[in-house]
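Those sequence lines, one after another, are chains X and A.
Going by my numbering, the residue at position 420 of the first sequence is 420; the numbering climbs one at a time, nothing skipped.
Going by my numbering, the residue at position 246 of the second sequence is 246; the numbering climbs one at a time, nothing skipped.
No lab work stands behind these hints, which were simulated from the structure alone.
Honestly, I wouldn't trust all of these hints.
[As the list claims (entries may be wrong)] Simulated restraints, written as ranges between beta carbons of each label pair:
| # | chain 1 | residue 1 | chain 2 | residue 2 | range |
| --- | --- | --- | --- | --- | --- |
| 1 | A | GLY395 | X | GLY57 | 55 to 63 Å |
| 2 | X | GLU447 | A | ALA22 | 53 to 61 Å |
| 3 | A | TYR449 | X | GLY57 | 47 to 55 Å |
| 4 | A | GLY36 | X | SER226 | 36 to 44 Å |
| 5 | X | LEU373 | A | ALA252 | 38 to 46 Å |
| 6 | A | GLY36 | X | ALA167 | 45 to 53 Å |
| 7 | X | ARG357 | A | ALA252 | 47 to 55 Å |
Here the structure is a predicted model, which means the values were calculated and not measured.
Even for Gly, the Cβ is constructed at its ideal location relative to N, Cα and C.
Protein chains: 2
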Amino acid sequence: MSYFDAASSSPLHPVARQALLAALDDGWADPARLYGEGRKARLLLDAAREAAAEAVGCRADELVFTTSGTRAVHTGIAGALAGRRRVGRHLIVSAVEHSSVLHSAEDLVAADGSVTEVPVDRTGAVSARAYGEALRPDTALACLQSANHEVGTAQPVAEVAEVCRAAGVPLLVDAAQSLGWGPVEGAWSLLAASAHKWGGPAGVGLLAVRKGVRFAAQGPVDERESGRSPGFENIPAIVAAAASLRAVRAEAAEEALRLRELTERIRARVPQLVPDVDVVGDPVRRLPGIVTFSCLYVDGETLLHELDRAGFSVSSGSSCTSSTLTPSHVLKAMGVLSEGNVRVSLPPGTTEEDVERFLAVLPGAVAGVREKLGVSTPTPAAVVAEHSLVVDALGKRCPIPVIELAKVIGDVPVGGSVRVLSDDEAARLDIPAWCEMRGQEYVGEEEGYAYVVRRLT
Amino acid sequence: MSYFDAASSSPLHPVARQALLAALDDGWADPARLYGEGRKARLLLDAAREAAAEAVGCRADELVFTTSGTRAVHTGIAGALAGRRRVGRHLIVSAVEHSSVLHSAEDLVAADGSVTEVPVDRTGAVSARAYGEALRPDTALACLQSANHEVGTAQPVAEVAEVCRAAGVPLLVDAAQSLGWGPVEGAWSLLAASAHKWGGPAGVGLLAVRKGVRFAAQGPVDERESGRSPGFENIPAIVAAAASLRAVRAEAAEEALRLRELTERIRARVPQLVPDVDVVGDPVRRLPGIVTFSCLYVDGETLLHELDRAGFSVSSGSSCTSSTLTPSHVLKAMGVLSEGNVRVSLPPGTTEEDVERFLAVLPGAVAGVREKLGVSTPTPAAVVAEHSLVVDALGKRCPIPVIELAKVIGDVPVGGSVRVLSDDEAARLDIPAWCEMRGQEYVGEEEGYAYVVRRLT
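Just chain X, same shape as in the assembly (with noise of 0.2 Å):
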């Protein structure tokens, strides 16, 4: 097996391995005791709390560790929220945050509390005028990620910094999947990253608050962590946390610039390989282990089952992937194509062949997809009504609804139009996208499931 994915987690790094043995032995007890095994707890913590602190790039007594990258995040939003409640209730977070931030932001709205969604270009990055548009004299936090967990494109974090920071607006920014690669630049508040991301185990987060942040830790809490993460410290997992970021950051340069090398080609390559398919994200600004691209006339979770099938794990932010059958959020505030979506996200260590052998699978796994679904055969669907011609796709699910379109649009004259009448989720993102790609006209939605598209070429 090619192990793909690992934006969502990545095996355990073999530091990390040795360093959690080693801890399970000396670090079991409870460091708040007084007594020989409480106090070699206590100062491997303290060990793991400097050495993380330093990755950061923060004070030892900034930073505390979590639960989880997600806790990270949940507490963090919470704690700056109510340490500036006076200054007012509004959040500010970008439209392609991870759920944990957007989990927060409508937790606060459910405590009628307002949050603005900063939009995102085409390549899924925000800008920092759009930020500074947004703050307001009642906004008490923002929110940026450092990279995008499912298209890698990286953010103007310090630019966005100092568009708060100017505001006197604290920011904190989402670091998961860029920490393991290096610190965050620029003036940040605070700052959450989740220890798996980067090859340590899971069970750990960690949570920097600059001195001089207001925070005020929310929900019952204990003594521990300064008050910011209650229940008992696991520390062989904090030990192990901290002794492989420190290794992953030994090898980051380099494996960067190798990793970056085999995306690129994975990007390069795809459109060649696949008709018909559309690479995602920013080519440059991006981190170095990811590529997304869309498949049109593809079912995600099939896709995925066939790639498995043939040795290799990758997600996909397709609605059929979802529990929810929406297509991914990040996707869909692009404004990009969610269907036959594929994250392919590479671990330190891959190899050329491993990539080269997914470049020599895909082809033919998204063929055999297409075929399945019947892409080139004539469709039965289309009728033609009063001068226009429509699609009923109402019942069918993604990738059916573009199907059904691209298989009538050659019977539409050059200047007509066609109506895909469909109650899919995803229709609203792909059918646009589709147009694009093709280079016909959107004309717009009517009713909330009839999508008008003009044939141009």
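Go by the hints and put chain A onto chain X.
What follows is chain A alone, placed relative to chain X:
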């Protein structure tokens, strides 16, 4: 070193270590993913849930894994309170609950809810009658530990559950100290526990919520653990937790007998070996491995250091061993002496020799501390004022006020009284406890810092 603080945290059980190592290789991927590594992780997680549910005595779909016992308690209480918000915002807890329960209660009070603390008797036990009396029409939830973490006293959970059931109020049981020994009897509604107490790894708690119990998880959630515990699952640790629970249960009956004999030996011998000692907690209805006693005229922190030097790791509920300089809330609620408090909690596998060595070392350690404190020398602090003796111990910390009292009591004529001036929080508990132990009369407190004692014998 002999580690006698298992109630705080247990070293990793060999089975836990083995399971953890195996699951590090197979359980690091995201169990929500469709590919091979994800399916493998999902299988491990499902199997661990089945095993844990069997040990708890609930259905697998009633149990979620949290990141600590503390989180299980916080989540359980917040979710149950929110689920019954329409009924009211009244919570019942015992006065001797773990701090995680009491912190949740404080959180409710801060949010304009109300809390009734059910008192305990001198053994630390609540009565079902007292829970019955605390029930109100607006009671949303009641909480009770299965057994106390500081003195080992078992609580009448089944009876309290019955009283709550009759009133239609759910009961949350904090089973942290007892789950390794066996399932909790009775019709409880929610149950929380912590793996590192039974020899599992840190970072794993469990929360069971019976079907039919109204529950609404609070704070931002995600799709993991039925929406009750957000953040990436720590599957290797969860697997190790479930495996070790099964392993300790297999040894529980035999080991309970053995440890009970050893703690019984400590209970019986300590008062013979050490003068002026009070063994606390229920002598019969109790956990097998815990025994707690308090030594008059002893500074708890110094005693802990002496025992640590002699090779024994124990903990204490004395005020001088807490960061807030207040005695343990458990000892306070029981109304027993807190000075020179020692909790011995034996981990499975403790040998008779360990215990005998402890009993050999303890008398000298206590005597050494008393000698340093000058317990047998006459006091210069006592002055005769207006027909009544006054001991000015203002500004002096536990155990000095009680030592000063003991020094002058011989100078008081039988029937006469002495006033001890003390601004130490521990005096409020320890002076009445000393009177009870010494057969003298505690008359009462004056102006918040003067404690009046009448000599009877």
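Checklist line | In rising order, the numbers of the hints this structure does not comply with | finding: When the structure is compared with the hints, numbers 1 and 5 turn out to be violated.
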